[in-house]
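Asker: The primary structure of each chain is shown beneath.
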Amino acid sequence: MSEFLSQIVNALLLGCTYTLVAIGFSLFFGVLDVVVFCSGDIAIFGAFALMGAYMIIATTGLINLPLVVIILLLLVISCVLCAILGLLTYLFSIKPFEDAPPLMPLLSTIALGIVIREGVGLFFPKGRNPQPFPELIPLGSIGGNAAFSFRNIFILAVTVVILIFLFTFLKKTKMGISMQAIAQNRELAYMTGINLRSTVTFTFVLGGILLSIAGFLIGSYSGVLRFDAGSMYGIKGFSAAVVGGLRSIYGAIAGGMLLGFIEVFVSGWFPNGASYASAIAFVVVVIFMVVKPEGILGEKTVEKV
Amino acid sequence: MNEKTKANNPSVFMDYLKIILVNIIIFGLVSFVLKADYLVSLLSLVVIIAALLYLEKKGFISKIFSLFIRHKVVAFVSALILMCIVPFVLASNRYVVHIAVLACLYGVVALGLNFQMGSTDMTNFATAVFFGVGAYASGVTSMRLGINPWWGILIAVAAAVLVGLIIGVPTLRTKGYYLSLVTMALQLVFSMTIILFQFFGGPDGMAGLPGFEIFGFDLGMTHNLFGVKLPYQVNYLFLAMIVLILATYVAMRTNISRSGLALNNIAQDETAANCLGINVTRQKLLAFCLGSAFCGVAGAIYGQYMMFVGPDDFDFNKSLIFICMVILGGMDNPIGVLVGAFIITVINEKLRDFADYQMLFYGIILMTVLIARPKGLIPKRVRNYCEVFKLSVVKHEHIKEEA
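Residue numbers (this note's numbering), protein chains in the order written: chain V, 16 to 320; chain R, 40 to 442.
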């Protein structure tokens with residue numbers, strides 16, 4: 016029973032990591048109708064930025080500050096860097112292709128993702144090797160049960176906080192409502208006086224910040240990070256977003272959790288399942304694409320001639 | 040009117056000379072770039088790219104095309120003669136010949152991808168899967184089943200077309216992003232599952248493929264011809280060039296055929312194509328299967344040439360490289376695609392020493408090409424129905440006068 020429980024917790028956590036990346040995809044797609052394939056790489060970049068900042072801080076005296084302060088400091092550094100990266104993504108990969116067929120920004124974001132990934136691999140000290148993520152969350156667990164370790168609870172709690180923040184932001188703040196408006200009908204939003212340029216720029220900055228926190232959680236969950244983990248997370252996050260429905264945040268949650276559960280349970284129940292857990296997940300994604308392309312919670316778009 | 044229907048000997052002769060000169064320049068440059076040391080080679084590639092862009096701006100490229108098409112026989116025969124000479128020029132350096140073989144095989148793959156991406160605007164991230172299926176089929180049939188590799192090519196094509204159908208059918212209902220996602224997912228599924236089966240050699244692949252043999256003439260052995268020592272790569276170069284010529288012929292004929300027109304139509308507006316009576320399903324499947332057949336042939340020859348098939352050669356990065364070739368060279372233009380394949384292959388091989396920076400380089404190239412020149416180096420040719428129309432009108436009026 017307790018093994019089943021730990022598997023469920025594992026699936027939940029994996030689902031959380033996929034959900035956060037999927038939310039990044041949904042956010043970008045909702046605002047601009049572009050799939051930003053480098054989202055996974057931005058998240059991993061954020062994780063590596065955090066690791067780099069940690070290594071620098073470890074050599075100075077700042078390491079003696081309380082843990083909470085260190086975590087916050089590292090997060091702030093990582094968020095700032097990722098926000099800049101998000102902005103650069105918009106400037107180099109999306110903005111030049113505003114009127115171009117959707118193939119162009121797709122390919123250019125893939126190319127940018129490659130550049131980010133390889134940049135991390137080349138310029139981070141010993142970047143090609145898998146890097147251990149710093150143990151920032153205190154070890155230990157509630158009631159001695161490994162399934163309820165502080166790390167797991169932390170990851171789950173942060174995800175929930177982010178989701179609540181996102182929902183409140185999108186529904187209650189002026190900027191959030193502007194983002195929703197642009198997602199629903201761009202021209203009409205423009206006509207009502209919403210500044211498209213600044214809202215879109217803000218979306219990319221916000222997306223960058225979200226993805227950096229996602230990177231932090233991915234690093235804490237995995238323990239060891241490779242520089243090219245971003246490509247896998249990118250594709251899985253995108254699959255999760257598409258399976259759930261590309262424009263809705265609820266869909267991103269549903270898709271992420273579905274993917275996480277499929278992977279963990281295929282690994283657990285089939286002998287030697289870990290080697291083809293991802294493959295099975297992708298096959299499920301393909302089936303979804305063919306049968307229900309708008310996703311679990313998406314709306315069927317009718318193409319008008 | 041009469042000038043166009045009569046052969047005007049001096050100007051036709053000048054045309055022939057121009058064609059032969061252009062062919063000599065092309066093959067001379069190809070040989071030079073291949074033989075040169077990596078720095079010189081890359082610099083000359085940059086110069087060539089700049090020259091191509093300049094020529095295209097001045098309109099020379101389309102003039103050269105129409106010249107070649109007007110005098111097809113001379114163009115083809117002169118190119119063929121030069122193609123037979125080039126291997127002897129390159130024969131002194133095995134590695135250079137190896138690059139040439141790879142360039143020809145990747146050119147065939149790029150032509151296959153061009154059907155899907157260039158003509159029909161379906162971004163196919165699973166090209167390496169078709170290539171790999173061809174190679175693995177060739178490997179399995181020659182090593183596990185003991186079948187002659189020549190028949191192995193046919194089996195490889197059949198297998199690749201089958202996989203093309205399997206990948207193509209689910210994509211028929213999807214558009215745009217979803218198509219890309221499905222092909223991406225299938226590429227990853229292929230990469231992940233091929234290493235699980237020991238029948239295909241597992242993660243280490245299959246080594247020791249036998250290579251081809253024609254009537255006792257073993258392509259894997261060094262031979263002597265006209266006093267020049269030809270390493271075995273040259274034999275394969277001839278084979279690859281023959282396949283490339285056939286593939287280019289098929290690609291160019293399909294491009295100007297009704298099917299090619301239908302594919303372009305589907306790319307521009309699928310609903311309109313449907314309304315015009317084009318069987319969209321059939322044309323899309325044709326694009327997929329023809330493309331995968333090309334990749335299958337190239338894969339089969341690749342496997343026997345390298346005498347090894349392994350999963351690392353057919354992963355997502357390889358698919359991206361093929362896409363890079365088509366975009367850089369020029370979408371929907373078979374000759375452009377070949378130019379793109381050549382350039383990328385040369386960069387790939389000449390920069391082997393900097394393998395660490397390879398993918399970074401590709402990312403930067405892809406971004407630069409997309410931002411600066413998404414049409415590619417040699418863009419799609421405008422379909423020229425006017426001349427054909429004019430000529431047929433001329434013929435009819437001529438007949439009417441005589442009647």
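Simulated from the structure, these hints should not be mistaken for lab results. Every residue, glycine too, gets a C-beta built ideally from N, C-alpha and C. Just to be clear, a hint being listed does not mean it is correct.
Stated by the list, open to error - Covered stretches of chain V (chain R as the covering partner; in silico rule of three or more C-beta atoms under 8 Å from a C-beta of chain R):
1. 113 to 124
2. 245 to 254
3. 291 to 303
Asker: Each of the hints needs a verdict: does it hold here or not?
Answerer: Each hint tested on the structure:
1. Closer than 8 Å: that is the beta-carbon criterion, and the region 113 to 124 of chain V has 8 residues meeting it against chain R, so the requirement of 3 holds.
2. Here the region 245 to 254 of chain V counts 4 residues with a CB under 8 Å from a CB of chain R, which clears the bar of 3, and the coverage holds.
3. Look at the region 291 to 303 of chain V against chain R: 7 of its residues bring a Cβ nearer than 8 Å to a Cβ of that chain, three or more, so the hint holds.
When held up to the earlier numbered hints, the structure conflicts with none and fits them all.
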